[in-house]
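Protein chains in written order, with my numbering: chain A, 1 to 482; chain B, 1 to 447.
Since the hints were derived computationally from the structure, they do not count as laboratory data.
There's no promise every hint is true.
Stated by the list, open to error - Distance condition first, Cα-Cα at most 30 angstroms in a straight line; then the derived DSS-like pairs of lysine-lysine:
| no. | chain 1 | residue 1 | chain 2 | residue 2 |
| --- | --- | --- | --- | --- |
| 1 | A | Lys291 | B | Lys321 |
| 2 | B | Lys120 | B | Lys91 |
| 3 | B | Lys122 | B | Lys192 |
| 4 | B | Lys120 | B | Lys166 |
| 5 | A | Lys284 | B | Lys256 |
| 6 | B | Lys256 | A | Lys476 |
| 7 | B | Lys122 | B | Lys103 |
| 8 | B | Lys122 | B | Lys166 |
| 9 | A | Lys476 | B | Lys321 |
| 10 | A | Lys229 | A | Lys380 |
| 11 | B | Lys103 | B | Lys77 |
| 12 | A | Lys147 | A | Lys291 |
| 13 | B | Lys338 | A | Lys23 |
| 14 | B | Lys91 | B | Lys103 |
| 15 | B | Lys91 | B | Lys122 |
What the hints assert, rightly or not - Sample of chain B residues with no beta-carbon within 12 angstroms of chain A, all distances over it, derived:
| no. | residue |
| --- | --- |
| 16 | Asp20 |
| 17 | Leu100 |
| 18 | Glu111 |
| 19 | Asp143 |
| 20 | Ser173 |
| 21 | Ala174 |
| 22 | Ser178 |
| 23 | Ala186 |
| 24 | Leu226 |
| 25 | Glu264 |
| 26 | Phe443 |
Fair warning: this is a prediction, and the values are worked out from it, not measured in the lab.
For glycine and all other residues, C-beta sits at the position ideal for the given N, C-alpha and C.
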Amino acid sequence: MILLVVLALAAAGFLAGRMRALKSTGGDPRQLHSLPGHHGQMVLLFTAVPALLLIAAWLLIQPVVIERNAAALLAPADIPEGSSASLVMSDVRRISDGLDVIGAREGLTEAGIAALGADMGGLRDRLGAVGVALGGEVKPTVFEAAKLFRTESRGGRRAMTVTVLLTAIAGLVLSLRRIRPDLRARNVSETFVLALLIGSSLIAVLTTIGIIASLLFESLSFFRLYPVKDFLFSLTWNPQFRGGSDLGIWPLLWGTLYVSFIALLVAAPIGLMIAIYLSEYASKRTRAIVKPAIEILAGIPTIVYGLFALVTVGPMLRDYFAQPLGLGTSSSSVMTAGLVMGIMVIPFVSSLSDDIINAVPQSLRDGSLGLGATPSETIKQVVLPAALPGVVGAILLAASRAIGETMIVVMGAGAAAKLSLNPFEAMTTVTVKIVSQLTGDTEFASPETLVAFALGLTLFTITLALNIFALYIVRKYREQYE
Amino acid sequence: MTDTTAQTVPGKRSLLTLDDRTRRRNAAEARFRAYGLAAVTVALIALTLLLVSIFANGVSVFRQTTIAIPVTLDAKKLDKSGKLDPAVMAKVTTVGYAPLLTKGLQAAMEENGISDQGLKAKAIGALISQDAPAQLRDMVLADPTLVGQTISFEALASGRIDGYFKGRVTMDSAALDSNISPEQLALADALKDAGILHSRFNMGFITAPDASEQRPEAAGLGVAILGSLYMMIVVLVLSLPIGVAASIYLEEFAPKNRFTDLIEVNISNLAAVPSIVYGILGLAIFINFAGLPQSAPIVGGLVLTLMTLPRIIIPARAALKAVPPSIRDAALGVGASKMQSVFHHVLPLAAPGILTGMIIGLAQALGETAPLLLIGMVAFVREYPGAPPEGFFDPASALPVQVYNWTQRADPAFVERAGGAIIVLLIFLVTMNAAAILLRRRFERRW
Numbered sequence: 001m002i003l004l005v006v007l008a009l010a011a012a013g014f015l016a017g018r019m020r021a022l023k024s025t026g027g028d029p030r031q032l033h034s035l036p037g038h039h040g041q042m043v044l045l046f047t048a049v050p051a052l053l054l055i056a057a058w059l060l061i062q063p064v065v066i067e068r069n070a071a072a073l074l075a076p077a078d079i080p081e082g083s084s085a086s087l088v089m090s091d092v093r094r095i096s097d098g099l100d101v102i103g104a105r106e107g108l109t110e111a112g113i114a115a116l117g118a119d120m121g122g123l124r125d126r127l128g129a130v131g132v133a134l135g136g137e138v139k140p141t142v143f144e145a146a147k148l149f150r151t152e153s154r155g156g157r158r159a160m161t162v163t164v165l166l167t168a169i170a171g172l173v174l175s176l177r178r179i180r181p182d183l184r185a186r187n188v189s190e191t192f193v194l195a196l197l198i199g200s201s202l203i204a205v206l207t208t209i210g211i212i213a214s215l216l217f218e219s220l221s222f223f224r225l226y227p228v229k230d231f232l233f234s235l236t237w238n239p240q241f242r243g244g245s246d247l248g249i250w251p252l253l254w255g256t257l258y259v260s261f262i263a264l265l266v267a268a269p270i271g272l273m274i275a276i277y278l279s280e281y282a283s284k285r286t287r288a289i290v291k292p293a294i295e296i297l298a299g300i301p302t303i304v305y306g307l308f309a310l311v312t313v314g315p316m317l318r319d320y321f322a323q324p325l326g327l328g329t330s331s332s333s334v335m336t337a338g339l340v341m342g343i344m345v346i347p348f349v350s351s352l353s354d355d356i357i358n359a360v361p362q363s364l365r366d367g368s369l370g371l372g373a374t375p376s377e378t379i380k381q382v383v384l385p386a387a388l389p390g391v392v393g394a395i396l397l398a399a400s401r402a403i404g405e406t407m408i409v410v411m412g413a414g415a416a417a418k419l420s421l422n423p424f425e426a427m428t429t430v431t432v433k434i435v436s437q438l439t440g441d442t443e444f445a446s447p448e449t450l451v452a453f454a455l456g457l458t459l460f461t462i463t464l465a466l467n468i469f470a471l472y473i474v475r476k477y478r479e480q481y482e
Numbered sequence: 001m002t003d004t005t006a007q008t009v010p011g012k013r014s015l016l017t018l019d020d021r022t023r024r025r026n027a028a029e030a031r032f033r034a035y036g037l038a039a040v041t042v043a044l045i046a047l048t049l050l051l052v053s054i055f056a057n058g059v060s061v062f063r064q065t066t067i068a069i070p071v072t073l074d075a076k077k078l079d080k081s082g083k084l085d086p087a088v089m090a091k092v093t094t095v096g097y098a099p100l101l102t103k104g105l106q107a108a109m110e111e112n113g114i115s116d117q118g119l120k121a122k123a124i125g126a127l128i129s130q131d132a133p134a135q136l137r138d139m140v141l142a143d144p145t146l147v148g149q150t151i152s153f154e155a156l157a158s159g160r161i162d163g164y165f166k167g168r169v170t171m172d173s174a175a176l177d178s179n180i181s182p183e184q185l186a187l188a189d190a191l192k193d194a195g196i197l198h199s200r201f202n203m204g205f206i207t208a209p210d211a212s213e214q215r216p217e218a219a220g221l222g223v224a225i226l227g228s229l230y231m232m233i234v235v236l237v238l239s240l241p242i243g244v245a246a247s248i249y250l251e252e253f254a255p256k257n258r259f260t261d262l263i264e265v266n267i268s269n270l271a272a273v274p275s276i277v278y279g280i281l282g283l284a285i286f287i288n289f290a291g292l293p294q295s296a297p298i299v300g301g302l303v304l305t306l307m308t309l310p311r312i313i314i315p316a317r318a319a320l321k322a323v324p325p326s327i328r329d330a331a332l333g334v335g336a337s338k339m340q341s342v343f344h345h346v347l348p349l350a351a352p353g354i355l356t357g358m359i360i361g362l363a364q365a366l367g368e369t370a371p372l373l374l375i376g377m378v379a380f381v382r383e384y385p386g387a388p389p390e391g392f393f394d395p396a397s398a399l400p401v402q403v404y405n406w407t408q409r410a411d412p413a414f415v416e417r418a419g420g421a422i423i424v425l426l427i428f429l430v431t432m433n434a435a436a437i438l439l440r441r442r443f444e445r446r447w
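When you get a sec, could you build the whole thing from the sequences and use the hints?
Right, here's the structure in full:
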C-alpha cells in the first residue's frame, strides 16, 4: 500500500520535474542544460529511492528492536522447564495476533484490550476461540510482553508510514526546487544511477560477508559449548539431545569423501572419454545432438537424482550386488549415492574438459599426425599431456560439486555415521547432518544444533579451497595457449 | 621403428599388407574410439534410465480410482434445526458424514446385486478414502439446499484400493496387511465390473493441498505449486534488476582496480558455493536475526535470490560483452553520455541474452531443494497461502521440498505421488528451458 503511494509520488515527481524544467525557460527546451526528461528522472530518483531503502531497512530492523523490548519484560522464571526463550517469544507473538482478532471480532477499543489482562483464566479460552491454542495458562508477564509487542509493532508501522512519506515528499520538494535552466540534471541523475549500479554489485560482496559472518559467529558459539579438539579429532559422531554427545567430524568427513570418491571414479573416466570423443572423433552432427543431451544431466534438479537413487538404484544395487555378495542389506548405501552423484557430475567434467581439449592448438595435433601417429596415439601422447592441468582443474571442480551436494546423499546414502570401508553400507555425510540437525524443532542454544554451523563452515572452507585451486589451474592453463 | 625395419627383409613386403605392428596399432585406435563411444552411450543410457524410471514411477498418479456413490443427505442427521444455516450445520463433523457414504455404497451394491463378501459395514466403508467425508461436508456446507436430496458423489477410493488397480497392492500383500484384506479387494473388483468404481483423471493432484499420512490418495500439489510460484515472483522481482545493474556496472563502468577485482572473484566463487550453505545463511540472517517467519515464501525467495544472483550475473555479463564496441562508439560519437549509450543502445541489444540467462537461473532456483529444507519449508502445510503481498509471509511448501517430504513417509503410495510431483516439476523446467532456447533462436544476433 505504502509502496504504491511512494511509486505514485515518484511518477508525479517525474511529470512535475519535466514541467517545471520546461516552465523555467518559458517552454523552450534549448536553453536547458539537460533534457526535460533528465530533470524528471532526477526528481523521480530522489523521491523513490531513499523512501524505498527506508522501507526495506525499517522492515528489517523493527522486528529485532521490538522483540528485544518485549523479551526484556520476560523474567527468567517465565520460561518453563524444558522450553526456551524463543518458544516463549513465539507465544508472545501469537497472543498479540490473537488480541488483534479478538479486538476486531468483539469490537473492543484499545482500552478494552488493555483491560483483558485482568482476567487471566478467561483469556486463554477467548484466545482459543480465535484459533490461538496455548499450552498452559497465560502468565501476566507474558501477557504484558504480548501487549507491548502489539502496541509497539502497531506504532512502529504507523511511524514507518509517516517517515517514509515524509522522506518521499522531502525528496520530491527538494529536488523540484533545485530545478533551474542551468542545472546539470543529466549529470546528477546519472551519478545517482551509477551509485545504484555500484550498490547492486556490492550485494555479492555482502552475501559473502553474510555467509562468512553467520557461519563464523554460530561456529564460535558452538566451540564455546563444545571443545574444538573433540570436534576435529574425535572419531565418533553420536548426538544426544539430552547432552553429553560426541560430535567428532571424522565419520561425516569420511562418508563425504568416500561418496565423492566413488562419484569421481564414475564421472572422471566417463566425462573425460566423452570430451575426447566429442572433440576429436565425433562428426559435427553427432556433437550437436550429444552435447546438449549430456548437458541436460546438469540441468536436472538434484531432488530428481535423489528420487532416482531412492526408488531405482538403491533397491537394484541391494538386490543384485549387496545381498548376493553378502555385503549388506541396506538400500541406501555409499555406492548408491556415489553412482548417482557420478552421473550428475559427468557433464561438469565433460564440458570443461571439452573446452580445454579444444583449446590445445591444432598445430600440435598436426605435427603428431604428420609423424605417422594414429589419432589415439596423438590424443594420449600429445593432446592429453598438454591439456592435463586443465582436466585436473575440471575434475577438482566436479569434486567440490560432489562434496557440497545434499539431496542425493540425504535420500541415497543413509543417516548412520560410521567409519567403514564397505561401499554397500549406509554412511552419512556432512551435508546430511547439516540438514538433520537443523530441520524440525531447533533450539539455538544446544551444541547439537550449533554443530551444523561448524559443519557448514568446514564444508564452505573445503569447497572454496577446491574451487579457488581449480580455477587457478584452469585460468593459468588457458592463458598458456592464447 | 628401427627394430621393425631390422627384423623384416626389405623388398618382400607390400605396402598394402599390414604387418603385425600396424594391425596392433589400428586395433588400439579402434578400441580407443570404442571407449569414447561407450562413454557417450553410458551417459545417454543413464539419462534415459533416469527419466524413464521417474516417469514410470510417477505417471500413474494422474489417474485416480474413485467410487460413484449415490448419497442420501439425510436432513435429520445433517441439519437438525432445519434452517439450512451453514453456521449451524458446521457442527456436524466429518464423523457424521462417513456413515452416509458407507450406507450409500451398500445401497449401490444391493442394487447391482454385488455380494458383500461377508464384510461388515465398517470394512466396506474402509474402501472409501478418509478424505471423502470431508469433501462431501465441504460440498454440503457450500450449498445447504442439497440436504434431503440424493446426489451422486464421486468419492475417492482409499489408497490401498487405488494401489491395487495400479499394481502396487496384490492379493498376497493384502493378506499380510492389517489395513486391507483380500475380501475387500475382491469387492473392489466386483464394484469395478459393475461400473461403480472407475478411474478418472486426477485433477486433485494438481490443485489439492497436502494430506496427512493416512490419506495418500487425497494428497496434492496445490500449496506447493503456489509456494513455488510466490518464491519465483520474489526471485524474479529482486534478482532481475539487481543482477542486470551489477553486470552493467562490472562490464561497462567498473575501472580495473583491486576493488572490482575483489567483486569479480567474489561472484565467481559465490556461484560455486554449495546451495546448502545459502540455507544456513537464510536461517541465521533472515529467520534468526531479522525475525522473518519460518516456511514463508519470502524467506525462500530471498535465499534463492542470493543463490541465483551470481548465476545470472555471469551470463548477463557475457551478453553485454558480446555487443560490439562500435555501437557504443557510435552513440558516444553523436553526443550521448556513457549512461545513455548503455541504457539506450547496449542494454536493448543484450536483452535477449540477459533474459535467456535469467530464465535458466530461475529454472535452477525452481528445482533447488537443500536450502529450503533449512528454512523450515518441510513443515506440513494444508492451508493455501493468502493473496500477495501478505501471502508471501504465510507458510507454504515448494515443489521440490514436497517431493522430499513425500519420500520420507511410510506409505509407498507417497512414493508414487513424489514421482508425479517430479513430473510436474520437470514439465515446468522443460517449459522454461524451451522458452529460453526459443528466445535465443529468435533474437540471437551475431556481429
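Going through the hints against the structure:
{"no.": "1", "hint": "A/Lys291 to B/Lys321", "in the structure": "25 angstroms, holds"}
{"no.": "2", "hint": "B/Lys120 to B/Lys91", "in the structure": "28 angstroms, holds"}
{"no.": "3", "hint": "B/Lys122 to B/Lys192", "in the structure": "20 angstroms, holds"}
{"no.": "4", "hint": "B/Lys120 to B/Lys166", "in the structure": "25 angstroms, holds"}
{"no.": "5", "hint": "A/Lys284 to B/Lys256", "in the structure": "39 angstroms, violated"}
{"no.": "6", "hint": "B/Lys256 to A/Lys476", "in the structure": "20 angstroms, holds"}
{"no.": "7", "hint": "B/Lys122 to B/Lys103", "in the structure": "10 angstroms, holds"}
{"no.": "8", "hint": "B/Lys122 to B/Lys166", "in the structure": "24 angstroms, holds"}
{"no.": "9", "hint": "A/Lys476 to B/Lys321", "in the structure": "22 angstroms, holds"}
{"no.": "10", "hint": "A/Lys229 to A/Lys380", "in the structure": "47 angstroms, violated"}
{"no.": "11", "hint": "B/Lys103 to B/Lys77", "in the structure": "13 angstroms, holds"}
{"no.": "12", "hint": "A/Lys147 to A/Lys291", "in the structure": "63 angstroms, violated"}
{"no.": "13", "hint": "B/Lys338 to A/Lys23", "in the structure": "28 angstroms, holds"}
{"no.": "14", "hint": "B/Lys91 to B/Lys103", "in the structure": "21 angstroms, holds"}
{"no.": "15", "hint": "B/Lys91 to B/Lys122", "in the structure": "23 angstroms, holds"}
{"no.": "16", "hint": "Asp20", "in the structure": "15 angstroms, holds"}
{"no.": "17", "hint": "Leu100", "in the structure": "28 angstroms, holds"}
{"no.": "18", "hint": "Glu111", "in the structure": "42 angstroms, holds"}
{"no.": "19", "hint": "Asp143", "in the structure": "26 angstroms, holds"}
{"no.": "20", "hint": "Ser173", "in the structure": "16 angstroms, holds"}
{"no.": "21", "hint": "Ala174", "in the structure": "21 angstroms, holds"}
{"no.": "22", "hint": "Ser178", "in the structure": "24 angstroms, holds"}
{"no.": "23", "hint": "Ala186", "in the structure": "29 angstroms, holds"}
{"no.": "24", "hint": "Leu226", "in the structure": "18 angstroms, holds"}
{"no.": "25", "hint": "Glu264", "in the structure": "9 angstroms, violated"}
{"no.": "26", "hint": "Phe443", "in the structure": "19 angstroms, holds"}
The earlier numbered hints that this structure contradicts are 5, 10, 12 and 25.
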